[in-house]
Amino acid sequence: MSTIAALVRKDLRLELRTRESVPAMALFSVTTFVVFHFGLDRSSVAGDLASGVLWVTLLFAAMLGINRLFVAEREQGGFDGFLLAPVDRTALLISKALALFAFLVAVELVAVPAFVVLLLGPSPSGALPELLGILLLADAGIAIIGTLASALAVQTAARDLIAPLLALPLLIPVVIAAARATTPLLLESGAESVALRWPVTLGLYDMVFALLAYAVFDFLLED
Amino acid sequence: MYGKGLRPLSLATCLTLTAAFALVFFYAPLDADQGFIQKIFYVHVPMAIVALLGFVAGAVMAIGHLRTGDRRWDMRSYVAIHVSLILGVGVLVTGAIWAKASWGHWWVWDEPTLVSFLIVFLLYATYQPLRFSIEDPERQARYASVFAITAGAFVPLNFLAVRLAESLAHPRVLSATGGALPGDMRLTFLVSLAGMGLLFVTLWKYEMASKHASAQLRALRRKLGGEERAATGRSAAPQAPLPIRQAS
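If you read the sequences in order, they're chains H and R.
Going by the numbering used here, 33 is the number at position 33 of the first sequence; the sequence numbering is gapless.
Going by the numbering used here, 248 is the number at position 248 of the second sequence; the sequence numbering is gapless.
This is chain R alone, in the form it adopts within the complex (with noise of 0.2 angstroms):
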């Protein structure tokens, strides 16, 4: 039911995200004050609003697992803050190199969106070791719901706070006032994004294909009366709930 549609949406994320670098590479104007390192900003800024907006995501789809009590709800918010917090990592990374490349340091304090950025990475960093350390499936389902939400909520929250407390040094390209990109720039900048923005639906429904074929497989395992294999090592990863055509 996750496989549908799959191969499609890879086509056109790597369709996207090719044409995005080519626009990158080829098109956008070289930035007359930082030169070709400006670049990176093509993959860093929507890397980042994208896992940001996972993350929120996440937060959204567990509101739907406690409303409802569906538990695909439950792992379709742990896909989605998995997949934005591989894609935390690239910011954090990319971002530190292009930090040291125009400020001539790895990690600049006085600047609060990647400040913040850094706090929530590593608020939901707990989230694993959360769901680890419950053992009964339900509950771990309902603690993770709790989390999501409130760190989904904390996302904005942190990033006024921060802004408050630091000087403005970021480059914001969105906003009212530094939204001065030039046109072909921005063309590039929003081809980035909507390439950034499938890739992460792509990764998030690859995940589900793939988590909810193993659970499929189990199901049959256990129909055709194999004995149960031991899971392979402990995962914090919600197992997916039977499918519909389950052994009585």
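Here chain H stands alone, though its shape is the one from the complex (with noise of 0.2 angstroms):
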């Protein structure tokens, strides 16, 4: 447990020292919405296109994140340093995708209202509590799906590539969960609830890719 938390609080302060990632995201966030403004040729987008816009953005800024989680890890030795360690290989899974996890909150703490003041037509306040939950879930699997295959990718000749292509198939269950629970939300007529199925769903897939992470986490470190 100490050794998960020395490792997360590593990883946020190497953040917030280097603001390496979070404010390329943010930035790469924003600046989506503007090309989506343009590209959809509309000033308001609502419901089913409104929830589409927001989980595209956010899966491809976290995209960015996912690329560069492994890193510091590889170019300076983190590895070497933390197979020398005697602690449980899993706990750097864990603390991988907890700090990716927290990057994906600090992300959308600019970008959703990025989102909200830019293009989205009707108010998401009524709908809030909704919101923020499957916000979570899906920060969740995309954090844990994430640091899976930015470890698979991180010792490839390409990793810039290999990353977002291994990564974007295995989210498209998380995208369609996430994207129709949101869409009742930011309807026009007001938001409605959401069925209850896609919370499920996002909450189900999030715990199997954790165990089966877990299960093969191990054997990209051994060396």
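Read the hints as simulated data drawn from the structure, not as lab findings.
Values in this document were obtained by computation on a predicted structure and should not be read as measured data.
Check before you lean on any hint, since a few could be wrong.
[As the list claims (entries may be wrong)] Quick list of the computed label-pair ranges, beta carbon to beta carbon:
| no. | chain 1 | residue 1 | chain 2 | residue 2 | range |
| --- | --- | --- | --- | --- | --- |
| 1 | H | Ser-2 | R | Leu-190 | 55 to 63 angstroms |
| 2 | H | Gly-121 | R | Ile-97 | 39 to 47 angstroms |
| 3 | R | Gly-3 | H | Lys-10 | 34 to 42 angstroms |
Each residue gets a CB set at the ideal place from its N, CA and C atoms; glycine is no exception.
Reassemble the complex: the two chains are provided individually, in unrelated frames, and hints are given to aid placement.
Here is the structure:
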């Protein structure tokens, strides 16, 4: 437990000092909203279109973080240092997933208000708790799958290409469930309730992939 | 070792596939609804089932590799996924032809089975680039196995998720509700399925035998002291581990 805390602290401190990932991801999402404004030629979106724009943007912003997640470990000998320490290797998986989760939450603190101001037609204030819940559930899924894909890709020669190619298909079920769950919250006619099966799908998918990542992660570190 | 039994197996595959096609064209009745084009179903569906099972088999073999550390399991897993990918192209093409004929479009998005298959196919299309870009063969085998296991578990999950999301328009032949295939159609379908399964096993064995033979050839060359010929082109395929009678 203290290992995980130490590793997360290291990642967050590194991010606070270098500011490598989160500002870039936040800037990327805001820019993407502008691109969507011109690409769709609309000044406001609602319903399924709004939920699609939001999730596609968040997903691609997450890709930036996923690409960079293990880079410092690889280039500056973090893997070696970690492998030399007498600690459980799963700690690295959990701490990286937590760090990515924290990055995603930080990005959404900027990106979601920016989305509401720039593009969203109806106000989501009535459905805030549901929206937050879905965001957190989807973030957990992106964090787990992103960490696994990033760990798979970081040792390859074409890291920046492989990570998104691996992560995107694996994340399609997350996008399906998150986008479907968000759609009724952003309707022009006011928020409607979310069908329960989407949050349940998200939660189950997160859980299955957490177990799967836990089972296979050790093999990515052996050297 | 992989060459053993190849001839009877190939013969059995040829016979079963020929019988399947004969049944398809001369025995199975024309579908009242779709007519002749429905017969593509006897190729499309068995191919899809066999390809998906091949992906899952690849995952099981990858588990074998991670558990035992035996690189031959990695090669088996690689070959299974490779053959399944080739069948996957066939599934997408025949599916598109069927969709064009019966719905008038080459691609139909509200059809969960086809869409899930595409997602699975796109994921597995990353398998070879992933192998390609890892130099160290031991690490390549390990990472490929991790990928194969993750993707193998993703196959059923993805089908569930996409099916939840879409309407249920795909003809589901063997499910509880749509399983009302008349007897002669069912027989034809099962023979086609058996033929396609045999085809998969045969192709798998052929590729394994070829990989094994070339590894043996390499070892013999090395034993003779001849100069090692440079490998022609890079390959993502795993190198077969040296056979037992290797030069010391």
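Just pull the numbers of the violated hints for me, sorted ascending. As far as the earlier hints go, only 3 is violated by this structure.
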